[in-house]
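Each protein sequence line maps, in turn, to chains A and B. Using numbering that gives the first Met the number 0, you'd call the opening residue of the first sequence number 0 and step up by one each time. Using numbering that gives the first Met the number 0, you'd call the opening residue of the second sequence number 0 and step up by one each time.
Don't take every hint at face value.
Here chain B is said to cover these stretches of chain A; the calculated rule only asks that three of the stretch's residues, wherever they fall, bring their Cβ under 8 Å from a Cβ of chain B [said to hold, decoys possible]:
| # | segment |
| --- | --- |
| 1 | 26-35 |
| 2 | 42-53 |
| 3 | 100-108 |
| 4 | 126-135 |
| 5 | 190-202 |
Below, computed lysine-lysine pairings styled on BS3-like, alpha-carbon distance capped at 25 Å [stated by the list, open to error]:
| # | chain 1 | residue 1 | chain 2 | residue 2 |
| --- | --- | --- | --- | --- |
| 6 | B | K201 | A | K18 |
| 7 | B | K51 | A | K189 |
| 8 | B | K111 | A | K189 |
| 9 | B | K93 | A | K111 |
| 10 | A | K111 | A | K93 |
| 11 | A | K201 | B | K93 |
| 12 | B | K75 | B | K51 |
| 13 | A | K201 | B | K51 |
| 14 | A | K189 | B | K189 |
| 15 | B | K67 | B | K93 |
| 16 | A | K189 | A | K111 |
| 17 | B | K75 | A | K111 |
| 18 | A | K111 | A | K67 |
| 19 | B | K201 | A | K152 |
| 20 | A | K189 | A | K201 |
| 21 | A | K18 | B | K189 |
| 22 | A | K201 | B | K189 |
Simulated from the structure, these hints should not be mistaken for lab results. No experiment lies behind these values; they were computed from the predicted model shown. Ideal Cβ placement from N, Cα and C applies to all residues, glycine included.
There are 2 protein chains.
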Amino acid sequence: MIERRGLMLVLSSPSGAGKTSLSRRLLDVEPDIALSVSATTRPRRPGEVEGKHYYFLAPQDFSTNINKGYFLEYAKVFGYYYGTPAEPVNDRLKQGRDVLFDIDWQGTQQLKDAARDDLVSVFILPPSTAELERRLLSRAQDSKDVVAMRMSKASDEMSHYPEYDYIIVNHDLDTSVDAIRHILNAERLKRERQLGLPNFVKSLSQ
Amino acid sequence: MIERRGLMLVLSSPSGAGKTSLSRRLLDVEPDIALSVSATTRPRRPGEVEGKHYYFLAPQDFSTNINKGYFLEYAKVFGYYYGTPAEPVNDRLKQGRDVLFDIDWQGTQQLKDAARDDLVSVFILPPSTAELERRLLSRAQDSKDVVAMRMSKASDEMSHYPEYDYIIVNHDLDTSVDAIRHILNAERLKRERQLGLPNFVKSLSQ
């Protein structure tokens, strides 16, 4: 029996706020949530696995899927398309299981329009801009210019935090993972998500 | 510095669903929440402490306080008045601390009207009517007639579960205490309650 309808948990944050580590930890400890796999037209990079990291599509196939309404949200970033295929998400939700989305504020806006009641959005903030810069600088591969560009992009992304349901300031990975799990568990207990209440209860409210 | 505005957590349930045990456990493990102490005109019983179990008021004093608007909610039950004094609750909320309310659906309705944004309401359900009856019967002091009356009162109370934000089916005390703590923690992370976000964040959203 389906106990409840699944929910869509969105985690957004600027690059460097720790979102990727948080997502991985959450997926490790919460068996009932799975990451939504995006489709993209950008070329596959070494080590990336079709259907795990992305669904890799030719540009004309991506366009066809847009026209058929197969995406919950999509965007063009630096010349490549990225989108969330609707069907695997809807299948999971119907089974009463949850889906995790690692998307930016634009994707979140589109998802909200597509699935208002199922969406729970969480914005992850760094404790300070100094800490954010430190984390971005510690990624050895990035030059100072790239870091400056990322800081500017981060400010832009962070300015959208008021559009989210929950805010977590990521001081510490363990505390933040617990916070996300508590949000997930609380949202599962929301009245409107509980389809599996005892039968005697349903007969009361008539 | 105040990190956030406090919230009002309401736990309601029919008698026998385990609410009293849950409240006690929650107060033991959550130092930042305190039980709201009601005022009443009913006579003090042996062992009851003024200011801990109730504020005991003479009927004319209770009426004066109603007229002065000193109560967040009040009701007359079996000939005695019961009410929630507003001042201690508001003082705690302003300090960024939370208040627990052990009140019925009528009190919850009045609180909602008085403090919509600060209120988080949780309804505790027994796993089944059979289990509820078993729990009521196991209270040795109650006769069969009293149990039947309580069962009828319980059905009436339970029919109001759709007015609550969250529903917990109390199969197991530990799991239910965790569920309440998760709700409390999640609600504390709601964007609109977070007054203590890092300063750089506030400057972003202008």
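Status of the hints after comparison with the structure:
1. Under the rule that three or more residues need a Cβ within less than 8 Å of chain B, the assignment of the segment 26-35 of chain A is violated, with 0 such residues.
2. With 0 residues having a Cβ less than 8 Å from any Cβ of chain B, the segment 42-53 of chain A misses the three-residue criterion, and the hint is violated.
3. Chain B is given as covering the segment 100-108 of chain A, and this is violated because 0 residues of the stretch bring a CB closer than 8 Å to a CB of that chain, at least three being needed.
4. Coverage of a stretch by a chain is defined here by at least three residues with a beta carbon nearer than 8 Å to that chain's beta carbons; for the segment 126-135 of chain A and chain B the count is 3, and the condition holds.
5. Proximity of the segment 190-202 of chain A to chain B, defined as three or more residues with a beta carbon under 8 Å from a beta carbon of that chain, is established by the 6 residues found.
6. For the hint pairing K201 of chain B with K18 of chain A, the CA-to-CA distance comes to about 20 Å; that is within 25 Å, so the pair holds.
7. The straight-line distance between the Cα atoms of K51 of chain B and K189 of chain A is roughly 32 Å, outside the 25 Å bound, and the hint therefore fails.
8. Distance restraint check for K111 of chain B and K189 of chain A: the Cα-Cα separation of roughly 17 Å lies within the 25 Å cut-off, and the hinted pair is therefore satisfied.
9. Our distance criterion of 25 Å between C-alpha atoms is broken by K93 of chain B and K111 of chain A, whose separation comes to about 33 Å.
10. Between the alpha carbons of K111 of chain A and K93 of chain A the distance comes to roughly 18 Å, so the proposed pair stays at or under 25 Å and holds.
11. For the hint linking K201 of chain A to K93 of chain B, the alpha-carbon distance of about 38 Å lies beyond 25 Å, and the restraint is violated.
12. Only pairs whose Cα atoms come within 25 Å are accepted, and K75 of chain B paired with K51 of chain B is accepted, the gap being roughly 21 Å.
13. For the suggested pair K201 of chain A and K51 of chain B, the alpha carbons sit about 37 Å apart, so the restraint of at most 25 Å is broken.
14. Among the hinted pairs, K189 of chain A with K189 of chain B is consistent with the structure: their alpha-carbon atoms are about 14 Å apart, no more than 25 Å.
15. For the hint linking K67 of chain B to K93 of chain B, the alpha-carbon distance of about 21 Å falls within 25 Å, and the restraint holds.
16. Of the supplied pair hints, the one linking K189 of chain A and K111 of chain A holds, its CA atoms being roughly 18 Å apart against a limit of 25 Å.
17. Restraint check for K75 of chain B and K111 of chain A: not satisfied, since their Cα atoms lie roughly 45 Å apart, outside the 25 Å limit.
18. A distance of roughly 20 Å separates the Cα atoms of K111 of chain A and K67 of chain A; the hinted pair therefore holds under the 25 Å criterion.
19. Under the criterion of a C-alpha separation no larger than 25 Å, the hint pairing K201 of chain B with K152 of chain A is consistent with the structure, at around 17 Å.
20. Proximity of K189 of chain A to K201 of chain A is assessed by CA-CA distance (about 16 Å); at most 25 Å being required, the pair is judged to hold.
21. With a C-alpha separation of about 18 Å, the suggested pair K18 of chain A and K189 of chain B falls inside the 25 Å cut-off, and the hint holds.
22. Proposed proximity of K201 of chain A and K189 of chain B is contradicted: the alpha carbons are some 30 Å apart, above 25 Å.
Of the numbered hints given earlier, the model fails hints 1, 2, 3, 7, 9, 11, 13, 17 and 22; all others are met.
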